[in-house]
Amino acid sequence: MRGKAAATPTPLSLDPLLLSRNGQPWQERIELVRLTARTQALYCSAVQIFAATTPESLYEAVLSAVWSLVRVDLAALFLIRDKDGRPACRALRVGRSTVVFDAAEAPTTAFADAALAATAPLMVEAPDPLLRDLPSSFNGARAPAVLLAVPVRSGSEDLGLLVVGRRMGFPFSPDQVDLLQGLADQTSLALEKLRVVAAAAEQGRRAQELVSIASHELRTPLTALQGFSELLLSREVSEEVQKSWISLINQESVRLGALISELLDLTRLESGRVNLNLEPVNLRDVAEHVVSLWRGDGRRSRMSIRFQAGVPCLRADVCKLTRVLANLVGNAVNYSPPGAPIRIEAAPHCLARPSTVHLGPPGSEGAPCPAGASIAVRDRGAGISQEDQARVFQPFYRAAPLEGEGSAGPAGRPSGTGLGLTIARRLVEWHGGLIWVESCLGKGSTFGFCLPLASPQRSASDSTLSPGAIS
Amino acid sequence: MKTVLVVDDEPTIRALVNAILDGSGVRTLEAADGPEALDMARRYQPDLVLLDVVMPRMDGFAVCQRMKAEKSMARTPVLLLTALAQESDHQRARRAGADGIVQKPFSPAVLRARVDSMLDGGKKG
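Residue numbers (our numbering), protein chains in the order written: chain A, 1 to 471; chain B, 1 to 125.
The reader is advised that the hints may include incorrect statements.
Chain B is faced by these chain A residues, among others (derived, beta-carbon under 7 Å) [unchecked claim]:
1) L222
2) Q226
3) L248
Because the hints were derived from the structure by calculation, they are not lab data. Ideal Cβ placement from N, Cα and C applies to all residues, glycine included.
Input sequences plus hints: build the corresponding full structure.
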């Protein structure tokens, strides 16, 4: 027990030597009190900043902390916006109230641009012209004579800037810059926390939605199975009718099996339990293999392959890329009239139009196209309306069948489970790529995806995808 | 002979309902989506509509609402055949004016009994 007591450190103990110096002890004490007060204030602000559960409450907490710790007349939080990488003012405090700007309306300033480029705390004083470029919400207030920006950074990634200003021309001391940098670091941690929480909530919402839609989709083949089997047991019918009902039971059983298999695949993809077997992949080999799957099928479509010069060899999972491409080609066959051409194209750059939306995982909106290589499947089928283009990658979305024979399954409905494109999208995302669609009603569709030269290696917790049916 | 309009985008389910009603002395008509259903309901004035909910182009709730809002079809009973299982879906069905709901998967005997009782209580003889 004695040993334990002896080992307990004494907090905030002063060096006895300091007491012997002339006048020094009081200065040291004052410094100590100041440091303690600052630590306590930082601790209180950290608690408030971390307690924030929404971006808006986080912005308020950060600016309140700035206001209480440093004497300022203006405080603002700038965050990097996706569309152009510029810092935009998401919250501004001048006086007692904080204005929170919507992401679309958040103003930018030349000072913030300069501060981001500086990559270190930047202070400017009057009469620097950067001081005049302020958010319009500052209207009516006297322009600051000094502005300071400290970076909000997570590792090497710039998240934004914490900006403070004073109307009187007293520059911020190195100590105050340190203090604000501490707040900026707390802000970046809290932003990361919000991002992780939002991603988890989104994953949960998607899982719930998938369960809800899946239960609906499973009930439809079950209705046929239960209905026709009960009719067979309870009614005397001709052999011909019996055969047709048994055929429908068989068809719906196969569909149910495919549906369950693809649901399991999608669940694995959504929950992150996927292993990519990365190896050098020649896209031409993949395209030729996929086309060979349709040979001897008697389908009416004519397929061709056109590769531009310089399509590189990628590091990717060849089985999963084959599945993605086979799905896109299968859809082109299902939604094209007999004999209509289907072309598989590849290029060492993005094949989509500049305005085409590239789809990736949540939070990747506006991310640059990673096109180390791009591959696209063009058909001259029915095409997809603008409205439906936004929905084709959602689980269980199915376009209306084509008129006439050939495009549909045995019962006249397009074959497939309605999960093929969702799975294709997730597989492309797992490769670090983006998927896209371009279409014009009556003229045809192009589905394509762009992949980086080397896909990121994901951690695998258990198994690979089952090689189930390609729909 | 009474007429029943069967609306479902799944041909297998239309075939099943046809088979269930076969021999019950009713004539069946089929529609594969909402707009086609409204068109046929206006044209043939069925005695009962068996209506799927999740369909492309227009869902069953919207079809039911449109029917109940049109004078010529407002009194035609609508029985929703739905795979949606949430209580909120049932509330939507009631708000849309549906006269009944049968949950998928259903037993043929149960559907036949519901159809018989709704036709007996119907307006046409």
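Here's how the hints hold up against the structure:
no.: 1; hint: L222; verdict: holds (4 Å)
no.: 2; hint: Q226; verdict: holds (4 Å)
no.: 3; hint: L248; verdict: holds (6 Å)
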